[in-house]
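Line by line, the protein sequences give chains E and H.
Sequential numbering from 21 applies to the first sequence in our numbering.
Sequential numbering from 21 applies to the second sequence in our numbering.
Do not take every clue at face value.
No copy is singled out in the list; a pair is fine if it fits within one copy or between any two copies.
What the hints assert, rightly or not - Once the Cα atoms are required to be at most 30 Å apart in a straight line, the calculated DSSO-like pairs of lysine-lysine come out as:
1. Lys200 with Lys121
2. Lys74 with Lys46
3. Lys211 with Lys41
4. Lys211 with Lys179
5. Lys179 with Lys121
6. Lys211 with Lys121
7. Lys46 with Lys179
8. Lys179 with Lys200
9. Lys200 with Lys211
10. Lys200 with Lys41
If you're looking for bench data, these hints aren't it; they were derived computationally from the structure.
2 protein chains.
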Amino acid sequence: MSIILSGAPVASALRERIKNKTENLKAQGVYPTLAVLSVGEEGDNEAYLRGLSKQAEACGIDLLSENLPADASQSRAEEALRELGNDPAIHGILLLRPLPKSLNETALCRLIPPEKDVDCATDLSLAGVFSHRQLGFPPATPRGVMEILAHYEIPLAGKRAVIVGRSLVVGRPLAMMLLKEDATVTLCHSKTENLEEICRQADILVAALGRPRALSRGCFRPGQVLVDVGIHRLEDGSLCGDLDFGAAEPLAEAITPVPGGVGTVTTAVLLSHVITAAENNIL
Amino acid sequence: MSIILSGAPVASALRERIKNKTENLKAQGVYPTLAVLSVGEEGDNEAYLRGLSKQAEACGIDLLSENLPADASQSRAEEALRELGNDPAIHGILLLRPLPKSLNETALCRLIPPEKDVDCATDLSLAGVFSHRQLGFPPATPRGVMEILAHYEIPLAGKRAVIVGRSLVVGRPLAMMLLKEDATVTLCHSKTENLEEICRQADILVAALGRPRALSRGCFRPGQVLVDVGIHRLEDGSLCGDLDFGAAEPLAEAITPVPGGVGTVTTAVLLSHVITAAENNIL
């Protein structure tokens, strides 16, 4: 029987810490505020925004949501971001991506001031993740993985962490975060030879390749800590992750569930960045 | 008998390519120019600057060397960098580090325009290395390692590369460069458990930990490609690298010598960045 690394208690503990900090900030007259800018039909974003709004409210953080029409011009989007960037009452800015193809996403991301860049949309935030310095903010998903590992007191120093997936939103930043905690980190991907063998060498194995149940029996050995970043809806309507939970769970020492694992923590991480941004603003 | 991955032919081929490009640029009225700013006694830098100056001349690149006194104020150093940054005749800027402790190195590095940042002193250059985009320039030493591997046609895609050393000037950027070429990359360091075993799993093993002959017999298996980034002067006056060449060479398929390996290539890489900066300036 493996330990189930459920995300709910991690997110809940994080929200408690946020709430305390929010109260401190409000006592100093600072009302932590996150602005979310979206362009076009909200569609898929709607459920996300509802969840974000609910959690923000529970933490005492104000959410300001701005939606531009799908055919908004580049200059209109730039103006909206500049206004949010210049507004001292806004502490964090989240630009929902992907944007409509008519817009230059890179140019828009550059308009987010790094000190308000709570989800790592800017080059300076990326440089901070890579160089282990406090520049901007790291992306929420890999930060959520680190919160789970810390909450369940998984030892990292000296251990072998293998990450499958090298994206700039999960794999690469997570590699830098695990490295900072003194793990020995291996990055695998679609071109990796002998993937199963390398996965079995891991003490901590992170599946972040974005394919349903891509890591199966041959990737696991007894005693591993398994972290699943993926989430997919199967034809029968059920949800699964990037690893085969049924094959993994009997062997693993500990494993994150899907749903209820990493995805549960990311919103709380994002809100914690808003609080840090608001605190930094006072200093 | 292993193949000796000598740096000289790599540097020489690189300089040939630079020379051709320099001639093209001069035909268009552009005289590629590198400015080197140093503060304080040149001491250790002197030999480096002499080598740089000689190679720049051989490539047709103008070198402008500016030295500030050891007690130069922050504002004096900032002024010097701003002048170089604003001068359209200067294409690349190299700020020799470490600087005297009285100066704020981070603040000074930020004054280098990323498009002139030929040795990765700025956050934008770091973000470019991390995100695999053309922002600024990568650091010269890991880029030199990649030039050697490319010159000797070492296969990288799918292979296991193990880097020992996680510095921001070598280990981490090299990990990102090898990843871009589809290698499976592991970053090891002082806290890594079972270092020897992990090193033996490497197809390409890079020693970049900065300790003389730190990787010895137990780290090697037959058929590996070994790259040594270190260089140290021993008590008897001889030079050695971070790996034990005598133990490694009989087993390795290919190995870089010290001296005459990676260190031989870095200056040519730096000069190639000056040319790229001058070319980008025309576009």
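To see whether the hints hold, each was checked on the structure:
In the homo-oligomer, the alpha carbons of Lys200 and Lys121 lie at most 30 Å apart only across protomers (26 Å), although the nearest pairing inside one protomer, at 36 Å, exceeds that limit. Within a single copy, Lys74 and Lys46 get their C-alpha atoms as close as 19 Å, which meets the 30 Å cut-off; across copies the closest is 62 Å, which misses it. For a Cα distance limit of 30 Å, the shortest separation of Lys211 from Lys41 qualifies neither inside one copy, at 45 Å, nor across copies, at 34 Å. For a Cα distance limit of 30 Å, the shortest separation of Lys211 from Lys179 qualifies both inside one copy, at 24 Å, and across copies, at 9 Å.
For the identical chains of this complex, Lys179 and Lys121 are neighbours neither inside a copy (42 Å) nor across copies (36 Å), given an alpha-carbon limit of 30 Å. For the identical chains of this complex, Lys211 and Lys121 are intra-copy neighbours only, at 29 Å inside a copy versus 45 Å across copies, given an alpha-carbon limit of 30 Å. With identical chains, the CA atoms of Lys46 and Lys179 are never at most 30 Å apart, being 41 Å at best within one copy and 54 Å at best between copies. For a Cα distance limit of 30 Å, the shortest separation of Lys179 from Lys200 qualifies both inside one copy, at 12 Å, and across copies, at 25 Å.
In this assembly of identical chains, Lys200 and Lys211 lie within 30 Å of each other by CA distance both inside one copy and across copies; the values are 26 Å within and 11 Å between. In this assembly of identical chains, the alpha carbons of Lys200 and Lys41 lie at most 30 Å apart only when taken from the same copy (26 Å versus 41 Å across copies).
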